[in-house]
Amino acid sequence: MFLRLVADSFGRRPRHKLLTGAALALGMAVATAALSVALDVGDRLAKEFRSLGANLVVTPKADSLPLEIGGVDYRPVNAGAYLPEADLPKLKTIFWHNNIVGFSPILEVQGEALPFSNEDRRLQPSNWIHGVSIIGTWADHAVPLPEGGAFRTGVAKTNPWWRVDGQWFSSDGKECVVGVAFAEKNQVKVGDSISLAIGDVTVLPAPLKVVGILNSGGSEDASIVVPLSYAQSLADRPGQYRKLYVSALTKPEDTFARKDPKSMTPAEYDRWLCTPYISSIAFQIQEELPGTDVRVIRRVAEGEGQILTRVQTLLWLVTCAAMLAAALAVGASSAASVIERQVEIGLMKALGAGSGTVGFLLAAEQLLLAFVGGGVGYALGIVLARLLGEKIFGAAPEPTLLVFFVVIGLAAVVTLLGSALPLRRASRIDPAPILRGE
Amino acid sequence: MTELRRTNRAMFWRILRRLLGANRGRLFVMLLALGAGAAVTAALLNLQVDAKRRLTTEFSAFGPNVLISPKATLTGSDGPATLSQDIEKGVLNMLLGAHVAPFLYFYADVSTENSEQVPAVVVGMHPFTFDLLEPTWKIEPKRADARPGDCMVGATLLSHLKITTGQALHVSVAGKQVDCAVKRTVSSGGEEDNQLFVDLSAAQSLVSLPNRVSLIQILIPGTPQEIQHSLAMLQQRFPDAEVRPIRQFTEGEAKIYNRISGLLTATVAIVLLLTALCVMAAMSNVAIERKMDVGLMKAIGGATHRVVRLFLTEAALLGLAGGLIGAALGILLSIGLGKAVFGVAARPRLIVYPVAVGLTVLVAILSAFPLRRLASIRPASVFRGEA
Chain Y
1 MFLRLVADSF GRRPRHKLLT GAALALGMAV ATAALSVALD VGDRLAKEFR
51 SLGANLVVTP KADSLPLEIG GVDYRPVNAG AYLPEADLPK LKTIFWHNNI
101 VGFSPILEVQ GEALPFSNED RRLQPSNWIH GVSIIGTWAD HAVPLPEGGA
151 FRTGVAKTNP WWRVDGQWFS SDGKECVVGV AFAEKNQVKV GDSISLAIGD
201 VTVLPAPLKV VGILNSGGSE DASIVVPLSY AQSLADRPGQ YRKLYVSALT
251 KPEDTFARKD PKSMTPAEYD RWLCTPYISS IAFQIQEELP GTDVRVIRRV
301 AEGEGQILTR VQTLLWLVTC AAMLAAALAV GASSAASVIE RQVEIGLMKA
351 LGAGSGTVGF LLAAEQLLLA FVGGGVGYAL GIVLARLLGE KIFGAAPEPT
401 LLVFFVVIGL AAVVTLLGSA LPLRRASRID PAPILRGE
Chain B
439 MTELRRTNRA MFWRILRRLL GANRGRLFVM LLALGAGAAV TAALLNLQVD
489 AKRRLTTEFS AFGPNVLISP KATLTGSDGP ATLSQDIEKG VLNMLLGAHV
539 APFLYFYADV STENSEQVPA VVVGMHPFTF DLLEPTWKIE PKRADARPGD
589 CMVGATLLSH LKITTGQALH VSVAGKQVDC AVKRTVSSGG EEDNQLFVDL
639 SAAQSLVSLP NRVSLIQILI PGTPQEIQHS LAMLQQRFPD AEVRPIRQFT
689 EGEAKIYNRI SGLLTATVAI VLLLTALCVM AAMSNVAIER KMDVGLMKAI
739 GGATHRVVRL FLTEAALLGL AGGLIGAALG ILLSIGLGKA VFGVAARPRL
789 IVYPVAVGLT VLVAILSAFP LRRLASIRPA SVFRGEA
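Chains as they are written, first to last, in our numbering: chain Y, 1 to 438; chain B, 439 to 825.
No wet-lab data here; the hints were simulated from the structure. The beta-carbon is built from N, C-alpha and C at its ideal position, and this holds for glycine as well. The reader is advised that the hints may include incorrect statements.
Footprint (simulated), chain B over chain Y, 3 or more residues, beta carbon under 8 angstroms [said to hold, decoys possible]:
#	segment
1	30-37
2	86-98
3	249-256
4	270-276
5	288-300
6	313-325
Estimated spans, in silico, between C-beta atoms of each pair [as the list claims (entries may be wrong)]:
#	chain 1	residue 1	chain 2	residue 2	range
7	Y	G42	B	A670	29 to 37 angstroms
8	B	G613	Y	P76	21 to 29 angstroms
9	B	Q673	Y	P144	41 to 49 angstroms
10	Y	V372	B	L711	54 to 62 angstroms
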C-alpha cells in the first residue's frame, strides 16, 4: 500500500514532480561543478606555477662564499666546491620523485670568447673578448634512471621563460646558444662559430657552432650557454657542476609545514615527510645528494604558496555560496510541494493515518526525488566541470566518488530539511476544516 | 469609463494583495528561493570584480618586475658601469604606487674583530628596501630602527663569517674602511644570501661614486597590460638606460593571472546560470499549484490575459522584494568573504546591486511563464477535481 501511494503520487502528478526534480538536479549540478573545480584547482594551478621556474637550488655545503651579482658568479674556477653529476639520477628516486618536474645543473665559468662568421675566415687572436660568462648546462638532456628508462630535463623545463631563436644545442654536439645582448654587441648570428677558452688563448680550440640566440631577460643575455660536458672540459672539471636548479610541484605551506621538523612527534614527522611541502622535498633531496645545501628560492616558492592559498580559499567560498544557494532553492521547492498538499494530508489523516505514517510517506517521496535528482545533477555537473576544466586548463578534473556522495547527501538533507517544517505543521492539521475547504 | 477603470485597478491590487497574503508559508518559500538566488548573484558579482583587482596586488609577492641597469654593463672590461641616482626620483614621479629601489654593488673584504678578511659582494641600498619589495623573504628581526651605521647580512654570509647579530663588521675597499653593526639577517634562497647590505650613501662614499647606483629595481603593481604600458613609458623616458622586465615573473604572472581570472569568470557564470535555472524551477513548481485560483477567477469571468497579468505582477513584485533583500545580503556577504580571502574587505560596487535585483525580477517573471498554460484550464474540470 505504501509503495502504491508513492508510485501513485509520482504517476498522477508527473509535471509537478518533474519540476521539483529539475530544481534539485540543477541545484546539485551547481554543487557538483563547483566542488569538482575547487577540489581540482590546486593541482592544476600548481602546474601553472611551474612556469615561474625552479623553486629549489642545490649548492655544495662546504663552498666558499659565492661572489654573485645579478646571477653571475665571478669566482675563479679553482675557488669553491663542486658536486658530482653522477649523483643526479638519484633525484628521481626520492619519495616525491613524480613531483620533480625538472632539474638542471649549472657550471658557470668566466672565460674568453672568439666569435667569427663562416664567410670571414681571417681569425684575429687580438679579437678575443675577455670576461665572458660561459654557462654550461643541459638543454634537453636524457637522464638515465636507476629503474630503467630516462627522464628528459634541462633548462627548457626549469627556466620556461627562456626563449631561443633557432634551436637548443644537442647534448654532446659542438654547438652553443648565445645570449641576445652578447650577440648584438658582437654581431653574432645563428650559423656563426665561436671559440672558447679560459685564460690561455694561444692555442685555438675547436670552435662551437652557434645554433640559437637566447633571450632570458636576465644576466644570461650577456653570456654564452654551452652543453654541460663542454663547460666541464673547458674548466677541467669533468663530471662536476656548481649549482643545481630543481623545479618541484608542491603543496602550499600551512602552519603545520612551518613547524621545525626536529620538534615534531614521530607521527607528525611522517605526515610532514609524506606531504609534498617544499621543505620536505628539500629535505629528501638533501638526504639523497650528500654534501649539498638545498635552499628554497623564497620568491618563487612563497609567492606561489600565497597566491595558491588565496585562490583556493576564494574558490571554496564560491563553492560554498553556490551550494548554499542551491540548497535554499531546492529546500524552498520541496517546502512548496508539501505546503500545497494539505488537502491530501487531511484526507489521509481522516482515513486514519497517523502523523508518523504521513510524514514517513512524504519523506520517502522526497528522498526518492533527492536520489534521482541528485544523480542526474551529479552527471550534469561533471559534464560542466569537464567543459570548464578543458577550456581553462586543457585537462578535465577527475570525477571523484567523494563528490558524488557529498552531492547525494546534500540533496537528501536539503529536501528533508525543506519539507520538515511544513510537515511539522501538517502533523498538527485537523482534517475536518481542511476537507471542508476552510 | 474612468470610474470603471479605477474600480478595476483597485480590484486588481486587492486581488494581488490577497494572492500574496493568502498563504504565508508559500510567500515565505518563494521569497526564500528568490532571495537566495539574488544573494548569491550579488555576492559573486561583487567578489569577482574585486578578486581580479586584488589578485594583481597578490602578485607583488614575486617582488620587483622591472629592472633599470646601465646600457654598457655587458662586459666588465672598463669597470662596472653605473647609473645616476636621479633616475630613481624620475621613476617615482612617473609611476605613482610603484616601489623603486636603487642598489649599488661592489666587492669588498669583510672581516670581524678577530677573523681574516673574506671577499664578498656588498650592496648599498635604502634601509627597509626588502621589507617593501620582497614580502616572501625571511628578514629577522622583523622590526628594527634605521640607523646609518647598521647593516643587514645574508644568511650564508652570516654562517660563513660565524657571527651573530649585534657584532661589528669591517668593510674595506681599496684602503678605505667603514664599520657597521650587524642588525638584521635576510634569507632569500638567492644570491642575496651571500651579500652584505649597507646604507646606500655610506656605500657611495666608500667606493667614491656619489649619486651613482648599479641597478634600480621597480615593483609596478597592476594587471599584466598595465605593467607592459608602464614599461614602455619607462623605456621611452630613459633611453640611455636599459629598462627590461624580469621575464621570469612578468610572463609567469600574465599566464597565471589569465588562468585564474578565466577560472573565476567561468565558475561564477556557471554558478549564476544554474542558480537562476534552479530558482526558476522552484518557482514554476509553486506556480502550477495555483490551478484552483486560476479556475476560480476564470469561473467568475476573469479574462485569460487579465489573470495572467495578475500572476505576472505578483511574480515581479516577489522578485523585486526578494531581489532587494537578497542582493543587499549578498553584498554584505561578499564584504565578509573578501575579508576572509584577502584579509581586506571587498569594496561594494553599487552597480552590482541594481544588476542583481534586475536579474532576480527577470528570473521571477520568467518562472511565472508556465502560468500561460493555465489559459487552457477549464474551470469546471478544476472544480470537479479532475486535473
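Tested hints:
no.	hint	result
1	30-37	holds (count 4)
2	86-98	violated (count 0)
3	249-256	violated (count 0)
4	270-276	violated (count 0)
5	288-300	holds (count 6)
6	313-325	holds (count 9)
7	Y:G42 / B:A670: 29 to 37 angstroms	holds, 35 angstroms
8	B:G613 / Y:P76: 21 to 29 angstroms	holds, 23 angstroms
9	B:Q673 / Y:P144: 41 to 49 angstroms	holds, 46 angstroms
10	Y:V372 / B:L711: 54 to 62 angstroms	violated, 22 angstroms
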